[in-house]
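Going down the list, the protein sequences come from chains V and E.
Residue numbers for the first sequence follow the numbering used here, so the first one is 1 and each next one is one higher.
Residue numbers for the second sequence follow the numbering used here, so the first one is 1001 and each next one is one higher.
Fair warning: there could be bad hints in the mix.
Subject to a maximum C-alpha distance of 35 Å in a straight line, what follows is the list of computed DSBU-like cross-link-like pairs (lysine-lysine) [stated by the list, open to error]:
#: 1; chain 1: E; residue 1: K1177; chain 2: V; residue 2: K118
#: 2; chain 1: V; residue 1: K112; chain 2: E; residue 2: K1058
#: 3; chain 1: E; residue 1: K1177; chain 2: E; residue 2: K1235
#: 4; chain 1: V; residue 1: K108; chain 2: V; residue 2: K127
#: 5; chain 1: V; residue 1: K17; chain 2: E; residue 2: K1162
#: 6; chain 1: V; residue 1: K112; chain 2: E; residue 2: K1235
#: 7; chain 1: V; residue 1: K22; chain 2: E; residue 2: K1228
#: 8; chain 1: E; residue 1: K1228; chain 2: V; residue 2: K111
#: 9; chain 1: V; residue 1: K108; chain 2: E; residue 2: K1220
#: 10; chain 1: E; residue 1: K1162; chain 2: V; residue 2: K112
#: 11; chain 1: E; residue 1: K1135; chain 2: V; residue 2: K119
#: 12; chain 1: V; residue 1: K184; chain 2: E; residue 2: K1135
#: 13; chain 1: V; residue 1: K112; chain 2: E; residue 2: K1177
#: 14; chain 1: V; residue 1: K9; chain 2: E; residue 2: K1135
#: 15; chain 1: V; residue 1: K114; chain 2: E; residue 2: K1177
#: 16; chain 1: V; residue 1: K118; chain 2: V; residue 2: K133
#: 17; chain 1: E; residue 1: K1135; chain 2: V; residue 2: K110
#: 18; chain 1: V; residue 1: K82; chain 2: E; residue 2: K1235
#: 19; chain 1: V; residue 1: K114; chain 2: V; residue 2: K22
#: 20; chain 1: E; residue 1: K1235; chain 2: V; residue 2: K111
#: 21; chain 1: V; residue 1: K9; chain 2: V; residue 2: K82
Rather than coming from a laboratory, the hints here were simulated on the basis of the structure.
Quick caveat: nothing in here was measured; it's all calculated off a predicted structure.
Chain by chain, the residues run as shown.
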Amino acid sequence: MSDTMIEVKNLHKSFGKLEVLKGIDQTIEKGEKLVIIGPSGSGKSTFLRCLNLLEVPTEGEIFVENELITSSKANINAIRQKMGMVFQQFNLFPHLSVIDNISLAPIKIKKKTKEEAKKQALELLEKVGLVDKADSYPAQLSGGQKQRIAIARALAMEPDIMLFDEPTSALDPEMVGEVLQVMKDLANSGMTMVVVTHEMSFAREVGSRLVFMDEGVVAEEGNPQEIFQNPKNERTKTFLKRVLQQAD
Amino acid sequence: MNLGASFVHSFYINFIRDNRWLLMADGLKITLIISVFAILVGIFFGSLTTLMRRCHIKRFGIIGRIISWIIRSMGYLYVDIIRGTPMVTQLLIVYFVIFASWKVNPVLVAIFAFGFNSGAYVSEIIRGGLLSIDKGQTEAGRSLGFSSASTMLHIIIPQAVKNILPMLCNEFVVLIKETAVVGYLAIADLTRAAEFITSRTFDFAMPLITAAIIYYVIIKLLTLGITKLERYLRKADVR
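If we strip away everything but chain E, and leave its shape as in the complex, we get (with noise of 0.2 Å):
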């Protein structure tokens, strides 16, 4: 046999045979999923947790500065804790520690607990994006009479934008990569089906470099779309 007709039988083995294919069509839906809206999560849970890092009530007295000074510190912890352990165990530690008791849908705690790790690094990247601007800038709008609120959503955060983006995409595609290891808790995503196909075939390279392909071609889109969208923002800065 040559090598092409080699590769149109181990395609037709692992793929074709067996409608096969659609598990690996079913896994790519499954790791979208878990993907897209762990990112949402994420995001939520970043912005969240900046607000919290920034909080100061200058209201109630001493009172209000400890609640303040409480919710700062829940904020980093959550961060310091976040980042200081592996993904895999959070992930475990989710599934049968934290939801051990309710029968949850698996790839509802997957989402959960992929968001709520992408919002630490989130958070600090958000926090970095509102520290890249220039105090002058706080300055000037509330010298104009800008509430701090205000200045924060005409001012700071647009600007912000275009220096987070970079860093929020490169965090996107360490989250679509790691969600792979949701097989711990067996959701047949991207990998665990390809990693089915091979037990049935006996055949690793076909299922496990097409899964990689698939993985590749995602998140070339979303870094193509993200610099697209940077481009346009960055109009203003031409000269």
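Chain V extracted, bound-state conformation (with noise of 0.2 Å):
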């Protein structure tokens, strides 16, 4: 029980009258790599979105480091702390300078010094590789370098847990390497981490356990490998046979 690091029971999510969430239940252990996959509008962002309540389910329990966050007594910006978020969109702060935006929220939340902050963000920089960009501007990055300062300013806040919302979507083609090999770094080094993707390659090579999501349930989940090599679920086959064939 000590190793969990999220418990979601039960969850469910409207937007209105239209369900996107049908009752999910899902155990993330302490160093999994989770991938979820599945169709547009399957429902894999809201589910993504739930674990750090940017949505508020409608319905049902989510733990983190069995903590219930879903409660109405839970300190949301304390436990977002502990979960980084990585978004398709990117997000930096165009109005502040690559090392600002890395700094800004261990500066103001953590109450670190400015030393302090500029000094681990030098390091995390030189981790994603861009620490000749450390006064640049985000209008001035490309679309690749942006989503690795990104990650490395969710980094900043030193989470236990990094949420991958679709990372490389919004990317030109010849810029998804340099993003994922960040996060295959960020994997070997133990991260607990929950992407939605539709990389398959990342899911099978860097997946510990993969969930295939349709219509707001989960269709299927296990082994990357078992399942990209021998699906059970009629849907899952039909998925993974259109997107494997566009990738070749």
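Taking the hints as your guide, dock the two standalone chains into a single complex.
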């Protein structure tokens, strides 16, 4: 129990009359790399956004490190500090330089000194290979660079869990590799990760567990290698056939 | 008399004789006092209204929601009424109806009336500026652990200011020019001073055109100042 990072019980989410999530149960262990795939509109992004309450669930319970975050008493700001999030559209702060993007939250929330936060930001930039961009502004960067900075910014809060919401979907094809490489390095460092993605090779290589979502439910889950080689669910079969064909 | 001499003569009659330029100087002072303080009052009411219109009390269940709704409606109603009625009418109502039974300095009344009026437009400008910032910015801030208020303070407002400034500048320009109607309260502002001089000298061109030029210069200086500030704030957008 102590090694469970996230536990989701009977999660439902509706937008008006549209039910996007129809009862999801998931347990994510420490160090796990959970990869979520599925057709668009299947609810995979909504599921991910429920995990840090960017979307408030209509029904169900979510525990993060054994704390019930769906309770009205939960301190959501404190919980979010433990969960870094990376967005499809990067969402860097355009009015701040790269180094200020990374050090803003540590300075304002963790009350680190400016020197400490900048030093940490430079170490993170080193990790994502962008030290030379420290004083640039987001508008001067390519998509791939922006996303690597966004990952560094999330890591600056020293989270226990990292959530990725289609991190490579808005990138030009030649930039996907550099972002995936940073994510692989992060996975190898033992970070607990939940990744919504369309990158099937990444899912196969890095994922420790694969969830296939369709129409608001988990249609199939298990070892990525096994699912890719031998999908059991009919819908998984059709989906994989379609995306893997496209890749060739 | 040639043109040059007639100009000098007119200038002498309207401004130099009997020290009439002092009337213009005092009028300018009143116009500036009303404008500057009305702008500040307007920013206060504008910000307050923006906050009121975003009010969402998350506690106290249904009562909290009803109170939030009332506060939001008050903000909306204020903007709606102010925008739907003429400034001069509002000024007269404030002076002759609301402050009728108190002996209040008309300049203070004018500052309040213009500020209260401007606040409605300022609140719309701020609201538009905040809405212009992508939702992803709020989400990025919240996902890092910022509270709703700190996200506003550190992430949304610094970006919104750049979009708000040009429109706010425009509002200040309108406000400064609108103060020319305070003559209705017998306040001796710049326009009123010019008008008074014409009634003494029977020369309309010199005092009125001079007043117009002074308004123009004030507004030009304001616009130049804000353009400079804008350029400074946009330095992050340079590619």
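Quick rundown of the hints versus the structure:
1. Distance hint between E:K1177 and V:K118 is unfulfilled; the C-alpha atoms sit about 48 Å from each other, more than 35 Å.
2. Restraint check for V:K112 and E:K1058: satisfied, since their Cα atoms lie roughly 30 Å apart, inside the 35 Å limit.
3. For the hint linking E:K1177 to E:K1235, the alpha-carbon distance of about 31 Å falls within 35 Å, and the restraint holds.
4. A hinted pair counts as satisfied when its Cα atoms are at most 35 Å apart, and V:K108 with V:K127 qualifies at roughly 23 Å.
5. About 38 Å separates the Cα atoms of V:K17 and E:K1162, which puts this hinted pair outside 35 Å; it is violated.
6. Using a Cα cut-off of 35 Å, the hinted pair V:K112 and E:K1235 holds, with the two alpha carbons roughly 27 Å apart.
7. Among the hinted pairs, V:K22 with E:K1228 is inconsistent with the structure: their alpha-carbon atoms are about 54 Å apart, more than 35 Å.
8. With a C-alpha separation of about 34 Å, the suggested pairing of E:K1228 with V:K111 holds against the 35 Å cut-off.
9. With a C-alpha separation of about 39 Å, the suggested pair V:K108 and E:K1220 falls outside the 35 Å cut-off, and the hint is violated.
10. Pair hint E:K1162 plus V:K112 holds up; C-alpha atoms about 28 Å apart against a cutoff of 35 Å.
11. Between E:K1135 and V:K119 the alpha-carbon distance is near 30 Å, which keeps this suggested pair within the 35 Å criterion.
12. As the CA atoms of V:K184 and E:K1135 are separated by approximately 29 Å, the hinted pair is consistent with the 35 Å bound.
13. Of the supplied pair hints, the one linking V:K112 and E:K1177 is violated, its CA atoms being roughly 49 Å apart against a limit of 35 Å.
14. This hinted pair checks out: V:K9 and E:K1135 have alpha carbons roughly 28 Å apart, not beyond 35 Å.
15. Only pairs whose Cα atoms come within 35 Å are accepted, and V:K114 paired with E:K1177 is rejected, the gap being roughly 46 Å.
16. A C-alpha spacing of about 13 Å is found between V:K118 and V:K133, which places the hinted pair at or below 35 Å, so the restraint holds.
17. Restraint check: the Cα-Cα separation between E:K1135 and V:K110 comes to about 24 Å, which is no more than 35 Å; the hinted pair holds.
18. With a CA separation close to 33 Å, the supplied pair V:K82 and E:K1235 stays within the 35 Å bound.
19. Restraint check: the Cα-Cα separation between V:K114 and V:K22 comes to about 45 Å, which exceeds 35 Å; the hinted pair is violated.
20. The suggested pairing of E:K1235 with V:K111 holds, with an alpha-carbon distance near 27 Å, which does not exceed 35 Å.
21. The straight-line distance between the Cα atoms of V:K9 and V:K82 is roughly 20 Å, inside the 35 Å bound, and the hint therefore holds.
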